[in-house]
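Student: The lines below spell out each chain.
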Amino acid sequence: MTRASVVGAGMTEFGVHEEPLAELFGEAAFGALDDAGVEPGDIDALYFGNAMGGQTENDTHLAPKVASHVGMAGIPAQRYEDACATSANAFKNAVEAVESGRHDVVLAGGVERCTAETGLDTPAMTRIFGSASHRQYEQPTGITFPGVFALFTKRHMHEHGTTEEHLAHVAVKNHANGTRNSKAHFGKEVTVEEAMEGPVVADPFRLMDCCPFSDGASAVVLVSEDSADSFDAPVDVTGVGHATDVVPIGDKETPHVTQAARDAASEAYGQAGVSAAEVDFAEVHDCFTGAEVLASEALGLVPDGEGGFAAAEGRTARDGEIPINASGGLKAKGHPIGATGTGQIVELTEQLRGDAGAHQLPGAGTGVAHNLGGDAATTVVTVMGVRA
Amino acid sequence: MSGTEGTADEPETPDEADSGTGSDPESGEESGSDLPVLTHRTWSEALRSGRLLGQSCPDCGHVAGAPKAACARCGSRSIETVELPTTGEVYTETTVMVPPEGVEERGYQVAVVQVGEARVMGRIEGETVTIGEELRLAGYVTGERNDPGPLFEPA
Chain A
1 MTRASVVGAG MTEFGVHEEP LAELFGEAAF GALDDAGVEP GDIDALYFGN AMGGQTENDT
61 HLAPKVASHV GMAGIPAQRY EDACATSANA FKNAVEAVES GRHDVVLAGG VERCTAETGL
121 DTPAMTRIFG SASHRQYEQP TGITFPGVFA LFTKRHMHEH GTTEEHLAHV AVKNHANGTR
181 NSKAHFGKEV TVEEAMEGPV VADPFRLMDC CPFSDGASAV VLVSEDSADS FDAPVDVTGV
241 GHATDVVPIG DKETPHVTQA ARDAASEAYG QAGVSAAEVD FAEVHDCFTG AEVLASEALG
301 LVPDGEGGFA AAEGRTARDG EIPINASGGL KAKGHPIGAT GTGQIVELTE QLRGDAGAHQ
361 LPGAGTGVAH NLGGDAATTV VTVMGVRA
Chain P
1001 MSGTEGTADE PETPDEADSG TGSDPESGEE SGSDLPVLTH RTWSEALRSG RLLGQSCPDC
1061 GHVAGAPKAA CARCGSRSIE TVELPTTGEV YTETTVMVPP EGVEERGYQV AVVQVGEARV
1121 MGRIEGETVT IGEELRLAGY VTGERNDPGP LFEPA
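Protein chains in written order, with my numbering: chain A, 1 to 388; chain P, 1001 to 1155.
By construction, these hints were calculated from the structure, which means they are not laboratory data.
Since the model is a prediction, treat every value here as computed from it, not as a measurement.
Beta carbons: idealized from backbone N, C-alpha and C, even for Gly.
Just to be clear, a hint being listed does not mean it is correct.
Claimed, not checked - On the chain P side, residues computed to face chain A include the following (Cβ under 7 Å):
#, residue
1, Val1063
2, Gly1065
3, Ala1069
4, Ala1072
5, Thr1092
6, Thr1094
7, Pro1100
8, Val1103
9, Val1110
10, Gly1116
11, Arg1119
12, Val1120
13, Arg1123
14, Gly1149
To be verified - Not close to chain P: a few residues of chain A, all C-beta gaps over 12 Å, as computed:
#, residue
15, Val38
16, Ile75
17, Asp104
18, Lys188
19, Ala277
Please put together the full structure from these sequences, using the hints given.
Tutor: Right under this line is the structure:
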């Protein structure tokens, strides 16, 4: 079932940017508008994501601010915040808006700055990222976000035999993929040995297991299925699943299975009428290498317990049976929090159009995006396909 | 986060703790058991005196380690405060080498600890522990605004 169509996609390079949030967002937004062949006055509503601007840059009430910057003041503009799943949630609401007929043409996107350009150093940013863990029942222990995913990954290693070398293979794969993507934060290959010799951040994660702090923006123009044919290159959104899980970690039934991802995937696959076996490629939320292992299993792309083995055996490489993160993923493409979710939609759109340049995958007909927030308690899974 | 650690006072008996919190109008209504309705305040007071309180759901059986207004699994509002064991085992753990601003130390271990039917996140002191190892509550650490978090040590 087609729920909406993406008719324009744009993003900045992910990396280090000195421009303010509105200017960064403007670059991605105009990229999407130009791609769709529409003007700011054609946009009926803005679904905007920014996770941490209030904490990082003392900058809030951003929806009308960025709308004003790109010539869209006056329309309904709303900001979403769901930690790292921020702009996937903005996207979900944009899909529903055009699907329901409430709006005809909408813009969904997000922006974030996380690098030292904000004026914040690593300890300060580590504290801000940690605000997504439970304020009363987790933060006092000194847990960090690498630590949160380390807790999940350690349990997965205990139960399934996943190894630190498996994790290193995820980093090596995604860095290699990133060298083909001109928008990626990192364009340098790493070896398993280099990855396994890096300094420990939160064991089992070393530096190369962790995505970078990135700045960037991404945006897509969405229209209803009925009006998509009047645009040059529509790509269909066939399923969007959104689920949550219990916070804090201790109260989740089985933390490392990332149940919200399983629930969201089931919902999205059901809407799209596809099974995991019919997915040609996936962009998953590899904020840490272990997170990709968990996501590949939660999406049903590899059997439970085999995510680490699959990465090490090349089954998730760009020439493997199910390519995961051909863009480089968060690990190499970068992770500007509020821009990451719609950044994945930009990637799916380009792959499905056959427009992904040096990192284009052959035979990309059905793609899946998996964007999680916080301790995976928010997950949005999107299925997109080539327009029939 | 100050990173300071506190040692639990002598554990109070449930009756003593109850009379203290039960007479406080800010503690809210009594729950069905003889323990206080579990809020961040009553949970913190208990932790500072060496006890771990949780919530049991009579409708679905879930035992939560963190206070809530309703059962996180089934939505029941009939949850009851329960005493959790102060010994348990490591469910999963990590050692944090890059701490957040406000934590002066590095290389500290954080674990999710299985205490009876519930799990809680806590800091570990003493020897580094691995999954399955037995722990006992040893006090508490304090974070921002002096909020306490459980501190465990190898049993």
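Student: What are the numbers of the hints the structure violates, in ascending order?
Tutor: Hints 1, 3, 10 not satisfied by this model.
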